[in-house]
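**Q** Sequences are here, hints too, so could you generate the full structure?
If you read the sequences in order, they're chains A and B. Position in the first sequence (first residue = 1) + 1 = my numbering. Position in the second sequence (first residue = 1) + 15 = my numbering.
No lab work stands behind these hints: they were computed from the structure. Quantities reported herein were computed from a predicted structural model and do not represent experimental measurements. Heads up, a few of these hints could be off.
[Unchecked claim] Pulled a few chain A residues facing chain B out of the computed Cβ check, cut under 8 Å:
no., residue
1, Lys6
2, Trp40
3, Ser60
4, His72
5, Ala74
6, Glu93
7, Arg96
8, Pro109
[What the hints assert, rightly or not] Covered, in the sense of this in silico footprint (three residues per stretch, anywhere, with C-beta under 8 Å from a C-beta of chain B), are these stretches of chain A:
no., segment
9, 9-22
10, 27-36
11, 61-70
12, 80-86
[Said to hold, decoys possible] Which residues of chain B face chain A? A few of them, derived with a C-beta cut under 7 Å, are:
no., residue
13, Tyr37
14, Tyr115
15, His126
16, Tyr133
17, Ala241
Ideal Cβ positions, reconstructed from N, Cα and C, are used throughout, including at glycine.
As a plain string of letters, each chain reads:
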Amino acid sequence: MPYTKPIPEPDPLGQPFWEGAKSGKLMLPRCTSCNRVHWYPRHICPHCHAREIEWIEASGEGRIHTFAVQHRAFGGWADETPFVTAYIDLNEGDRMFTVLRGVDATKPETIKIGAPVKVEFEAASDDVSIAFWRVVEG
Amino acid sequence: MPGELSRAAAIVGAAEANEIGYPEQPRTAIQLHIEAIKNVSDQTGIPISRINGVFGAGWSSQIAEHLGLHPSYIDTTSVGGGRARGADPWDPGSLYSNPYGVSGAPSNYSHAMTRHNYRWGTTPEDFAHIAVVTRQWATLNPRAVMHSKETHPFGGPITLEDVQNARMISWPLTLLHCCLVTDYGGAVLVTSPEVARSVKTKPVWIAGAGENMSHSNMLEMEDFTATSAAASSAAAYKMAGMGPEDMEMAMIYDSFTVTAGITAEMLGLAPRGEGFTLWKDGRAAPGGSFPINTNGGGLSFNHSGMYGMQLLVEAYRQLSGTAEDGGYSGLPGKQTSARSCVVNGTGGSLSTTGTLVLVAD
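**A** What follows is the structure, given as C-alpha cells:
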C-alpha cells in the first residue's frame, strides 16, 4: 500500500539519522565535548556550542512525555483520525515527536504519561523511513 | 526603582478597522491596517504625516508606502503573536514534526494541556472556565463576534457543558477551548511624554517592557507547563518598578484556554498550576476583582492571528478613559476602573512572549 502521508526530504545534516532509519536503527547526534545527546540535529551543540558532534546508535527506548489525540488532520493523515501524537523522552536524553502506536485513540484516559515506548520504522519510500514509537509493556 | 526607560513613551490612542469580525465585503490586510491608522490619527488629532515610525507584525514597509510616509524607524516582530513558518523543507518542523500529522496551532497546544493536567492535577474542565468567563466579557462588547445570537449563530453566553461537549479538535481541546479566526485591524499610537501631554487623548504609560523566548519548535520546549512569559514579565516588572501585586487587570493572549491559564501563572498572577482559578472563582469575570481579557478575548471577541495588537487596543481602551466618553473611533465599553494592566502576547507554539506593564496617569 503506498504511503500517503507527508514524506520528509532528508537533509545533509541529518544524513546519519536517515541512513540509520532505513536499516531500523535509531541514530542520535551526541556532542563529543559535553557528551550530551540533542534532538533535532544541529550544526553546533546547543548545550556547550562545540562543533564536534558524533552519531551514536541509540537504545530506541523512551517514555511518553506528553500526548494529544488529533481529530482533525490534512492529507493522508485525515484518513487516520483520530490518532495519537506524542513527545517522547529518549533514554539517551532530549525529546522526539511521533505518532504513537499500540494505543487506543478513542480512549485517551488509558494512555499514560511516563509509559515506556520503543521505536520502529516504516518505509515511506525507497529512500525514507519514518520513526514511530510503540507503547510496550512496562 | 523603575528603569530609566520606564514611562519614556506613552500610548496616546488605540483604534480598530471600521469593520472587524466577518465583514460581508472582503477586506484586504492592508485595508484593515490603514483604516485603523486613520482612526487612531483622528482620535488623537496627530496627523498621519507626523508618524515617524512604523511597527507591525510584518507589513511595516507596505503600510508606510501606502500612506506615502518615509519613516525613520521601521521594524517588524514575530514575538507576542506568531503563525506557522514558511515551508522550508529542511527546517526542523518540516523534517521532524510535520511527517506526524500535526496541522496548526491546536494540534500542538493540546500537548501542553495534557502535561499540565498530569503535572498539576488539573482537568480540561478547569480550563473550560476560561472559555465561559471570556464569553461573558464578549456579551458586553457589541463588536465581539460572539457577543450574541445577533452577531453569530453560536454567540451569547456558554456553559461549562457547552465547552466540554463541543466538537473535539485536538484532545483535550474542544472547539470552544480554541480561539476564533476572524478579520481584525488595529493600531496604537506611541509618542514621547511631551507630545503625549499635548494631545486631546489621555496617555497610558509604557512603564515596563520585556521579551523572551524558550524555543521555536515545540520539540525544544523543556517544560510544557511553563513559558518565557515568566522571564519577559520579570523584565517588564523590573523596568516598571512594580510587581504582579500592583496590577489591577490583565490582557493575555488566549489563543487557547490553556495558553491563558499557563500565562497567568507565568505573569505571577497565580501560583504554578492554579492559573485557571482566576477564572473559576470569578476574579477574572465581569464584576470580579481582577478583570482579564475584557474585550472577550481571542476566544470570543476577534482573533486575526498575531493577536498582540488586539491586546494593546483593549488595554488602552480600559486604562485611558476613551471608552467612557462615548468612545473615540467607535470603541465605547468601559468595563473596569483599573489603572494598571499587564499585557502579554505569546507567539509560535508557546514559544516567544512579549510583556508590557501599562499604567494610567
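**Q** Compare the structure with each hint and give your call.
**A** Results for each hint:
no., hint, verdict
1, Lys6, "holds (7 Å)"
2, Trp40, "holds (7 Å)"
3, Ser60, "violated (19 Å)"
4, His72, "holds (5 Å)"
5, Ala74, "holds (5 Å)"
6, Glu93, "violated (15 Å)"
7, Arg96, "holds (6 Å)"
8, Pro109, "holds (5 Å)"
9, 9-22, "holds (count 6)"
10, 27-36, "violated (count 0)"
11, 61-70, "holds (count 5)"
12, 80-86, "holds (count 4)"
13, Tyr37, "violated (21 Å)"
14, Tyr115, "holds (5 Å)"
15, His126, "holds (5 Å)"
16, Tyr133, "holds (5 Å)"
17, Ala241, "violated (13 Å)"
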